[in-house]
Amino acid sequence: MSRPLWENFFRRHDPESQILEILAGVPLFRDLNQRGLRFVRELMHIRNYREGEVVFEEGEPGQGMYILLEGEVRVLLRGNRKGEEVEIVRLKTGDFFGEFSLIDESPRSATVVATTPSRLGGFFRPDLKELVERNPRHGVKVLWNLAQVLTERLRRSNQELRRLHELERVPRP
Amino acid sequence: MAFRLPWRFLFFSGVLFSLFLLAFFAFLKLTILSIPFLLALGISTLLEPLLLFWESWGRDRRIGIFLLFLGMCVFFLLFILLLPGVIEDKISLLREHAPGFLKETEKNFSLFLGSLEGKVPGLSAQALLVKLKELSRSLGEGILLSLPSFFSHLLSILLLTPVFTYFILRDRRALRRTLLRLVPNRYFEIVFQLIHRVEEATERYIRGVLLEAVLVGAVAFGVLFAFQVPSSALLGVAVVFFNLIPYFGTLTVSIGGTLYLLLLGAPFEVALLVVVAVGVAHLLDNTLIAPLVLGSAVRIHPLVVILLLVIGGKYLGVLGLVVSVPLGAIVYILLQESWSILERYRLGSG
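From first to last, the protein sequence lines stand for chains Y and H.
Here the first sequence stands for residues 1 to 173, where the numbers follow the numbering used here.
Here the second sequence stands for residues 1 to 350, where the numbers follow the numbering used here.
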């Protein structure tokens with residue numbers, strides 16, 4: 001359903017409501033009402049990155065997740081023995097990454113670099129803890145959603161492993 | 001892209017931190033502001049869990065702060081209403097017994113000095129007694145003269161502390177966010193983690209130390225109350241405050257409390273019970289209270305504690321005695337956490 005022109009016109013001039021709209025689309029903040037989303041927004045750290053600027057590097061201890069509010073980033077993996085990096089995906093506005101670090105301080109599994117001037121919202125472990133402490137109703141929802149997101153990632157990894165295993169069993173011609 | 005130690009960043013952070021420490025030290029010298037500020041920091045650290053609990057019900061933080069202040073006002077008003085009666089009572093007791101006790105002490109002391117006169121060469125009991133009297137008179141005059149400035153200082157502390165506490169409780173998070181905004185992107189996560197950990201450890205330490213002082217005071221009060229020692233509540237409160245000064249505080253409150261009871265006309269064996277009560281509280285503190293309350297909170301080596309107390313006392317007087325150890329602990333936490341975070345970044349990135 002298309003929205004009236006005036007609605008888009010006003011929305012474009014209100015960055016806060018744009019951020020709330022993006023947050024509402026992030027699976028982690030699904031089911032949060034406007035109050036909950038505003039609470040998350042209050043806790044979030046907005047950072048602006050230049051083109052080519054590193055958000056974080058593979059192996060660094062992670063503090064939490066980032067939501068892409070504007071721009072584009074690429075996710076890189078140390079590919080071969082020479083240490084060359086391989087791009088695995090490009091993320092756009094509304095995408096998020098680094099959510100594993102909301103649970104523990106495990107090392108970042110990839111490097112993320114901004115490919116265009118980008119605006120990112122950081123949501124870190126202490127912020128999640130603060131959300132649970134100050135607003136348990138919304139905090140529990142976010143934790144539940146986080147569990148679902150991580151389960152989904154795990155399921156996909158299992159499927160990928162199974163596929164690779166089956167490929168190995170198929171005799172090569 | 002291996003993570004390298006950000007030497008330039010570390011150097012500038014070190015310089016900035018040193019400048020901040022110097023500015024903070026200068027601020028501490030300005031006791032009319034620093035005492036209420038430090039008190040407000042302590043009070044807000046204690047009140048924060050209550051506010052978090054309030055917020056967890058989905059209530060507005062500002063209303064929580066308002067209610068807390070209302071409660072404190074009621075408590076303070078009750079205190080002010082009850083205080084004059086208690087003070088009047090104690091002053092009349094002091095008026096009644098203190099002159100007799102002082103005369104008795106003077107007599108005993110001159111007898112003691114007289115017994116020494118023949119044994120110690122060049123000792124004149126009379127001359128020494130006159131000098132001691134002059135000293136005590138000038139000390140008394142000094143105290144009397146400093147009373148007006150003391151009360152104006154006290155009044156400013158009483159007025160400024162709630163104001164500072166209110167703003168710290170209200171704007172602390174906003175201040176932290178503003179500070180974080182100044183950090184470059186590359187070091188944002190490190191600084192964020194550092195601030196968070198230092199804040200957590202510092203809060204744990206301050207709460208631990210304050211709770212420890214209250215429990216030690218309660219034990220001392222319990223012992224004094226059990227032996228029906230007069231002014232046991234007042235002495236218990238004094239133990240709470242003096243417990244904030246490690247080692248010397250215990251000694252001061254023991255001697256001061258005993259003297260106070262003697263001036264009130266209590267028999268010597270009753271007055272000595274203050275030493276017993278403080279001793280029992282101190283013993284329980286070392287064996288039970290401190291390990292339970294402070295737990296994993298930072299512990300500083302006794303030698304470092306004494307060094308901090310001497311430096312703090314020399315440069316900042318009584319305020320230095322109270323704040324030097326917590327400030328030393330905060331710097332220690334900061335260095336410890338900085339090192340541990342940098343080490344993890346180096347290990348993680350290989």
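The reader is advised that the hints may include incorrect statements.
What the hints assert, rightly or not - The following label-pair restraints were derived from C-beta to C-beta distances:
1. Arg38(Y) <-> Leu19(H): 36 to 42 Å
2. Tyr187(H) <-> His165(Y): 53 to 59 Å
3. Leu67(H) <-> Arg155(Y): 45 to 51 Å
4. Arg155(Y) <-> Tyr187(H): 33 to 39 Å
5. Gly71(H) <-> Thr116(Y): 49 to 55 Å
6. Arg137(Y) <-> Met72(H): 53 to 59 Å
7. Arg38(Y) <-> Val237(H): 42 to 48 Å
8. Ile88(Y) <-> Leu22(H): 17 to 23 Å
9. Arg137(Y) <-> Asp171(H): 23 to 29 Å
10. Ala147(Y) <-> Val318(H): 41 to 47 Å
11. Arg137(Y) <-> Leu272(H): 39 to 45 Å
12. Val304(H) <-> Leu164(Y): 55 to 61 Å
Don't read these hints as lab results, they were simulated from the structure.
By construction, the Cβ of each residue, glycine as well, lies at the ideal position given by its N, Cα and C atoms.
Is 17 to 23 Å a correct range for the gap between the Cβ atoms of Ile88(Y) and Leu22(H)? violated (49 Å)
Cβ separation of Arg137(Y) and Leu272(H), checked against the hinted range 39 to 45 Å: violated (58 Å)
Determine whether the Cβ-Cβ distance between Arg38(Y) and Leu19(H) falls within the hinted range of 36 to 42 Å. Given about 37 Å between the Cβ atoms, the range holds.
Could you check the hint for me, namely that Leu67(H) and Arg155(Y) are 45 to 51 Å apart, CB to CB? holds (48 Å)
Just to be sure I understand the hint, the distance between the Cβ atoms of Arg38(Y) and Val237(H) should be within 42 to 48 Å; is that true here? holds (44 Å)
Whether the CB-CB distance between Tyr187(H) and His165(Y) falls inside 53 to 59 Å: Violated, at about 42 Å.
Look at the Cβ atoms of Val304(H) and Leu164(Y) and judge whether their distance stays inside 55 to 61 Å. The hint (55 to 61 Å, Cβ to Cβ) holds, given that Val304(H) and Leu164(Y) are roughly 57 Å apart.
So does Arg137(Y) sit 53 to 59 Å from Met72(H), Cβ to Cβ? violated (29 Å)
Supplied distance hint 41 to 47 Å, evaluated on CB atoms of Ala147(Y) and Val318(H): violated (54 Å)
Please check whether Arg137(Y) and Asp171(H) have a Cβ separation lying inside 23 to 29 Å. holds (25 Å)
Taking 49 to 55 Å as the hint, is the beta-carbon distance of Gly71(H) and Thr116(Y) inside that range? holds (53 Å)
Holds or violated: 33 to 39 Å for the Cβ distance of Arg155(Y) and Tyr187(H)? holds (36 Å)
The structure fails hints 2, 6, 8, 10, 11 (numbered hints given earlier, in ascending order).
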